[in-house]
Each structure stands twice: as C-alpha cells, then as structure tokens.
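There are 2 protein chains.
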Amino acid sequence: MDSKVDKALAENFNIVFKDESLLDEALTQASYVNEHPNQNLKFYERIEFLGDAVMQFVVSEYIFKRYPQLPQGRLTRLRAAMVNEESFASFARECHFNDYIRLGKGEELANARERDSLLCDIFESFVGAVYMDQGIKKVITFAEQVIYPKLDEGRFDDYFDHKTELQEMVQKNGPVSIDYQLLDENGPENDRVFKVAVLVNKVELGVGEAHSKKHAEQRAAKVALDQLKRKM
Amino acid sequence: MDSKVDKALAENFNIVFKDESLLDEALTQASYVNEHPNQNLKFYERIEFLGDAVMQFVVSEYIFKRYPQLPQGRLTRLRAAMVNEESFASFARECHFNDYIRLGKGEELANARERDSLLCDIFESFVGAVYMDQGIKKVITFAEQVIYPKLDEGRFDDYFDHKTELQEMVQKNGPVSIDYQLLDENGPENDRVFKVAVLVNKVELGVGEAHSKKHAEQRAAKVALDQLKRKM
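Read top to bottom, the protein sequences are chains A and B.
If you read the first sequence in this note's numbering, its first letter stands for residue 1279, the second for the next number, and so on.
If you read the second sequence in this note's numbering, its first letter stands for residue 1279, the second for the next number, and so on.
Worth double-checking, as some hints may not be accurate.
Claimed, not checked - In silico lysine-lysine, BS3-like type, Cα no more than 30 angstroms apart, as pairs: (1) K1480/A - K1285/A; (2) K1473/B - K1507/B; (3) K1296/B - K1343/A; (4) K1500/B - K1343/B; (5) K1296/B - K1383/A; (6) K1320/B - K1441/A; (7) K1450/B - K1507/A; (8) K1480/A - K1507/A; (9) K1415/B - K1296/A; (10) K1473/B - K1415/A; (11) K1450/A - K1415/A; (12) K1473/B - K1509/B; (13) K1320/A - K1509/B; (14) K1428/A - K1383/A.
To be verified - Computed Cβ-Cβ distance ranges for the label pairs, DEER-style: (15) R1355/A - Q1317/B: 23 to 31 angstroms; (16) M1510/A - Q1317/B: 17 to 25 angstroms; (17) N1389/A - N1389/B: 43 to 51 angstroms.
In short, the hints are calculated from the structure, not lab data.
Note that CB positions come from ideal geometry on N, CA and C, so glycine has one too.
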C-alpha cells in the first residue's frame, strides 16, 4: 500500500500493519484486481465478511455493557443505528478511507470512491484486516476512537427513542400524563426550527429544539430523562 | 440453577460457571420471572442479544479460515445455513437445553419448551453467558464440540451449492460441458431415492443418491469436486 496511507494510519489510529498484504486486500476493489491480472492481488470482499462480524460483535458487547438496563429490543435498535451502511460510510469518510481505496478506472470515473455502499464495505474490510493482523483488542481501541464518541455526541439519539424510555420510566407505577407542547417555531420555511416542551403531570420537565417536531420532542424527552435520573 | 444442570454441563461440555447467576439468567424465560416477582430474577433476552453476536463472530471466523478459497457470497450463505433458528434449535436439543429452561406455567402448558424460536434464543443466551463468564476461547471450544462437526457430517451441505462450485472450478479457463443424468430411481412413492451422475466433458466424475433429484445432483457434484481437488 501507498506509504502515505501507512503513515496516516499510524498517525491517526496508531495502527501499523505487520502483514501489509492484509491492508492491501482490505483497500482493493475487484475492478482494480481485474485491471492488474498479473499482480496476483486479492480484493476486499472476503475480509469484509469477517470484519462485518467482528464489528457487530464489538459494538454489541460495548452497548450491552454500557447500558446495563436497556432491554433487548432497544439494544437491537441502537446497534442497528450504529452498524449500518450510512453510519459506516460516514465513519469511513471521517477516517479518509475514501482516499485510500484502489479502484479500477471505470469505477473511478463512476465516482465509486464516494459511494456509501463501497465506503461501508471498506470500513468493514479495514476492521477485518486489523482483526486478522492485530486481534480484537486493537479493533476495540479503534472503535473507541472512531465509533463510541459519536454516542456521546448524540449521533444515534434518534434511535434511542427517549420518548418511549420516558414513558416507561414515569408510568412504571401507574398512569401519569405526558404531553408534548409546541412552544415556538422560527426561521424560514426550508430551515424551520421547532421548540417543544414535555410536561409530566402538567409539570414542564424539559425543552428541546430541532428541525422537526418529532426530533424536538425526542430532545425534550432526553432532557426530562436526564433530570429524572439525576434525582434517583 | 438445578445442580443436575451444573453436573450435565460439566460432564458434557467441561463448562463450570464461576458466576452461576449468568447461567440462571440465560436459562430463564420472562414468564418464569413474572411468576416469581420477589426473587429479583433476570430473563434471558439481554444476554441472548450478546450471545447472538458472539456466535455470528465465532462461526464467521471459523468458516473464513477453514475455507480460504470460498468467496464472500458463499461464506455468507454457509453462515446463514449454520446460524439460524432451525439449526440453533437443533443444537439446543442435542445439548438437552430444552430440559433446562425455566418457564412459567402457561408457557409450560403451551409446550414452549419444544418451540424452535425459544430453543434458538436459549442456545444464544447460553453462549452469551459462557462468553461473559469465561471468554471467547471457551465459546470456541463449545462450538468445536457442538457445531463444527456438523459441517463434516454434511448437515449444511445443501447450502454449499456444490454444483455452482463445480461449475466455477471446471469452467475457470473456458467453457466445459457439465451434465447431470438420472441413472436410477427406486423405492415407494413417498420414499423415492434418485441416483444421479455428473458428467464433465462427457466423463462421469461423480454419482450421488438422495430423496430428491436436486439433492442427488448436489451430492454428485460434491463427489466430483472432491475428486478434482485430490488431483490438484
């Protein structure tokens, strides 16, 4: 692989491959292999198969341990929010993997380098290669750097369903009224901001703002949940 | 958990739980928890979430390494044949997990103990508990005993698609004729046996017998493949 790639991986992720051929395999698309028939190259698909399973496992264990109260259905939804084509493609871009892929000329012209499906594949194949070369601990370190901080940044908040969680929490011991009230909406038509309050038994426990009412309600519910949890 | 269960797990799988509460959790259905509200019990669903991911990972790595020539699509199909409700339910039965589950009375009467979906869940939750208690190596040892031998016994052969593999192998360097010929069919209407030969460039390379033509063709292709591989 390009020594610039090696340098970037070492600097950004402290990853130095012992077996460079695994990295080559992970970053090479079939179209490139077909254009270089005499170089005995491998393309990423097999190692992506492995990386996909490794990533599912690592993320599953992380959220299982981090959220010891979250029931199975919610764990499954959260994992689905973290482990999918769109989010893996965005991680791949943030890691600059789009610059590292080896593509055939046709695929290059078709701008495959920016295609979500390919970027997701490459993110998984990279993880597969790291696992093969350096084991599960290095994959976990990589996920701690690239994926888990996004949980705290709220990247997957929409999937958390704070409204359901709030409802379950306050109605545990019997019926309690929960109302969401639109307090305000502002801004131009194409960039509208909604401000919503959540009232539990007519007491305002949280306010949230977002570009849709649904998201504003989720954010209000999150604020209310955080407040209730602090009191417990 | 029942000491008979502990004894059976130790004898059959050399598994002795350090933290018995993990085993209890893995083998307890929600209906049982609901009937014993004061015992502060947990049911298996969360640990099943983890066990599912652990099992996918362990099986993926195993077939990835065992079949270094199998392309991604075939690895995916093989994994799907190994990791699914029907096969996990059968593994659970072979391990006698159906006898170990703690069920509520209604579920017991509804014969939930023999339901594939529950048995599959329990197989996964058991794996999750072994992983939590003793780590990935013990899970691999368990899979080596319970799952992988079934590969050699041909349990997943239908999913291997030997016909496609044979075609890919012999047509690698250009077109070659492959014909399947019904040699014989025998037995009563409801227990018919078909005997099929595969001819590659008009030379018979394998014969297979099964209760359907399709399976007999697959078996013939497998015999031909084994023969060709021995010559390579």
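Okay, the hints, checked on the actual structure:
{"no.": "1", "hint": "K1480/A - K1285/A", "result": "violated (58 angstroms)"}
{"no.": "2", "hint": "K1473/B - K1507/B", "result": "holds (23 angstroms)"}
{"no.": "3", "hint": "K1296/B - K1343/A", "result": "holds (19 angstroms)"}
{"no.": "4", "hint": "K1500/B - K1343/B", "result": "holds (20 angstroms)"}
{"no.": "5", "hint": "K1296/B - K1383/A", "result": "violated (57 angstroms)"}
{"no.": "6", "hint": "K1320/B - K1441/A", "result": "holds (25 angstroms)"}
{"no.": "7", "hint": "K1450/B - K1507/A", "result": "violated (64 angstroms)"}
{"no.": "8", "hint": "K1480/A - K1507/A", "result": "holds (19 angstroms)"}
{"no.": "9", "hint": "K1415/B - K1296/A", "result": "holds (24 angstroms)"}
{"no.": "10", "hint": "K1473/B - K1415/A", "result": "violated (51 angstroms)"}
{"no.": "11", "hint": "K1450/A - K1415/A", "result": "violated (39 angstroms)"}
{"no.": "12", "hint": "K1473/B - K1509/B", "result": "holds (25 angstroms)"}
{"no.": "13", "hint": "K1320/A - K1509/B", "result": "holds (25 angstroms)"}
{"no.": "14", "hint": "K1428/A - K1383/A", "result": "violated (35 angstroms)"}
{"no.": "15", "hint": "R1355/A - Q1317/B: 23 to 31 angstroms", "result": "holds (29 angstroms)"}
{"no.": "16", "hint": "M1510/A - Q1317/B: 17 to 25 angstroms", "result": "holds (23 angstroms)"}
{"no.": "17", "hint": "N1389/A - N1389/B: 43 to 51 angstroms", "result": "violated (56 angstroms)"}
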